[in-house]
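Could you slot chain B onto chain A? The hints should help.
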Amino acid sequence: MELIRLTPLDLALAALLVLALALLSLKLSLGIGQRLLIAALRTVVQLSLLGLVLKFLFVQSHPMLIAALALFMLVVAGYEVMARQQRRFIGAWGMGVGTLSMFISSFTVTLIALTVIVQAEPWYSVQYTIPLLGMLLGNTMSGIAIALDNLTQSAWQQQREIEGRLMLGHTWEEAIRMIRRNALRSGLIPIINAMAAAGVVSLPGMMTGQILAGSPPFEAAKYQILIMLLIAAGTGFGASAAVWIGSRRLFDERERLRLDRLSPAKPE
Amino acid sequence: MANLVLKQFATPLLDPFNLELAPGECVTISGPSGSGKSRLLRAIADLDPHDGEAWCGDTAQHSITAPAWRRRVGLLPAESAWWSDRVSDHFPKLDGEILERLDLPAETGDWQVNRLSSGERQRLALLRLLSNQPDVLLLDEPTANLDKANIDRAESIIAQWRKAHQTAVLWVTHDPEQQHRVGSSSLVIENRQLVKSWS
Numbered sequence: 001m002e003l004i005r006l007t008p009l010d011l012a013l014a015a016l017l018v019l020a021l022a023l024l025s026l027k028l029s030l031g032i033g034q035r036l037l038i039a040a041l042r043t044v045v046q047l048s049l050l051g052l053v054l055k056f057l058f059v060q061s062h063p064m065l066i067a068a069l070a071l072f073m074l075v076v077a078g079y080e081v082m083a084r085q086q087r088r089f090i091g092a093w094g095m096g097v098g099t100l101s102m103f104i105s106s107f108t109v110t111l112i113a114l115t116v117i118v119q120a121e122p123w124y125s126v127q128y129t130i131p132l133l134g135m136l137l138g139n140t141m142s143g144i145a146i147a148l149d150n151l152t153q154s155a156w157q158q159q160r161e162i163e164g165r166l167m168l169g170h171t172w173e174e175a176i177r178m179i180r181r182n183a184l185r186s187g188l189i190p191i192i193n194a195m196a197a198a199g200v201v202s203l204p205g206m207m208t209g210q211i212l213a214g215s216p217p218f219e220a221a222k223y224q225i226l227i228m229l230l231i232a233a234g235t236g237f238g239a240s241a242a243v244w245i246g247s248r249r250l251f252d253e254r255e256r257l258r259l260d261r262l263s264p265a266k267p268e
Numbered sequence: 001m002a003n004l005v006l007k008q009f010a011t012p013l014l015d016p017f018n019l020e021l022a023p024g025e026c027v028t029i030s031g032p033s034g035s036g037k038s039r040l041l042r043a044i045a046d047l048d049p050h051d052g053e054a055w056c057g058d059t060a061q062h063s064i065t066a067p068a069w070r071r072r073v074g075l076l077p078a079e080s081a082w083w084s085d086r087v088s089d090h091f092p093k094l095d096g097e098i099l100e101r102l103d104l105p106a107e108t109g110d111w112q113v114n115r116l117s118s119g120e121r122q123r124l125a126l127l128r129l130l131s132n133q134p135d136v137l138l139l140d141e142p143t144a145n146l147d148k149a150n151i152d153r154a155e156s157i158i159a160q161w162r163k164a165h166q167t168a169v170l171w172v173t174h175d176p177e178q179q180h181r182v183g184s185s186s187l188v189i190e191n192r193q194l195v196k197s198w199s
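Which chain is which? The protein sequence lines are A and B, in order.
First residue of the first sequence: 1, per our numbering; consecutive thereafter.
First residue of the second sequence: 1, per our numbering; consecutive thereafter.
Rather than coming from a laboratory, the hints here were simulated on the basis of the structure.
Even for Gly, the Cβ is constructed at its ideal location relative to N, Cα and C.
Each hint can be trusted.
Only some residues are given here: those of chain B computed to face chain A with a beta carbon under 7 Å: (1) D46; (2) A66; (3) N132.
Over 10 Å on every C-beta distance to chain B, these chain A residues come out as not near it, computed from the model: (4) L37; (5) F58; (6) W93; (7) G96; (8) L100.
Here are the computed lysine to any residue pairs in the SDA-like style, where the Cα-Cα straight-line distance is at most 25 Å: (9) K7/B to D252/A; (10) K163/B to K196/B; (11) K93/B to R121/B; (12) K55/A to S215/A; (13) K7/B to A22/B; (14) K7/B to R254/A; (15) K222/A to A120/A; (16) K93/B to T171/A; (17) K93/B to E173/A; (18) K93/B to R160/A; (19) K93/B to E174/A; (20) K55/A to Q119/A; (21) K93/B to R177/A; (22) K196/B to E141/B; (23) K93/B to E161/A; (24) K93/B to H170/A; (25) K7/B to E253/A; (26) K266/A to P190/A; (27) K93/B to M178/A.
With the rest of the complex left out, here is chain A (with noise of 0.2 Å):
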């Protein structure tokens, strides 16, 4: 099978359905077009720009280079758990709880995957790393800023159940039990239903991807099979790890609940 390449005008013909739809909210004064249309920008832009690092990559296949360009991803994904955050961690923590939960979840199963189950040569070949990188930072990404404001809103909301179970003399531990359960579950739950409805009610965008760029439907189905369970494991552990930093972070050497150290609720 051969790949069709799309020129310019297929891409502005699917750029016109976005501009009507933009239209759309104008008269229906939605009052989201104007986001609709920069973020659509942002992806014209952003996968061009990064369509061609790559294409530059592939060729100057340098380790430190793709290094750089990880790193950048994970400071990027960093921020936009931080943005998504209704009350954010004042201080270097605020952009930092989400970005050691993504190194260290995203990184980790990155590099099992490349060493141990893809095996290319060499392992830090650009067409796997950065693909690789990329799909796990995107998934673990929603599932920690989902679970890290989960946490901070529920702390915020249940002050006085925390409080009143430290007056009793619990740990801060029992105190922000239930709160950290069910924040780790809100961000595991994305996934969970992603896997559960792949293949069946949706096609994967990764899968799909493959097949339309001629690959065989099921070499694409095992590359989307290790992507989903490499994302499952990488978002569970990073989202885990998210909650945990946030959770202690909550509380200071005393025991005390100390919800002065998030930033006051973003307006609506």
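Only chain B this time, still in chain A's reference frame:
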């Protein structure tokens, strides 16, 4: 049985002061709202950052873990917190005999928390706190939301416990009559100072 000693104790709303409560002594605190009465009790229970040192008997606050300190120096807020549906989930163990002494049916443990009246709720909160066998009780307007009959009940439970266990009690209350009923002396917060009102 132990005394409560505060040395150069200070909160964000209170300048440093010294205070000592003998075992079995009950002292009340009053002051305008926002003067930092609740914040003071929270600081003594080590729920808020503060300066100075607190002792419960020979034990300095910083020398034991915060949960161990809070079991010895128990704080009862005006509105109690319930984190589970069933009453008994909030108690390590709950036997019918103790409940009946508080005018509660023996099966109260199986009740839903949201079925409780404010009087029952506060009596159970008191029982829950006392089951830690605290040496010092910090009461933050414990009867503020109760009617006359329930105020009397709560006061007599606390007085009985205080006399039987020689517990030191620090009691925040606005009501001058209650101050005289329950306390042997009274403090008031004025201009960031904790001063004697009467004794």
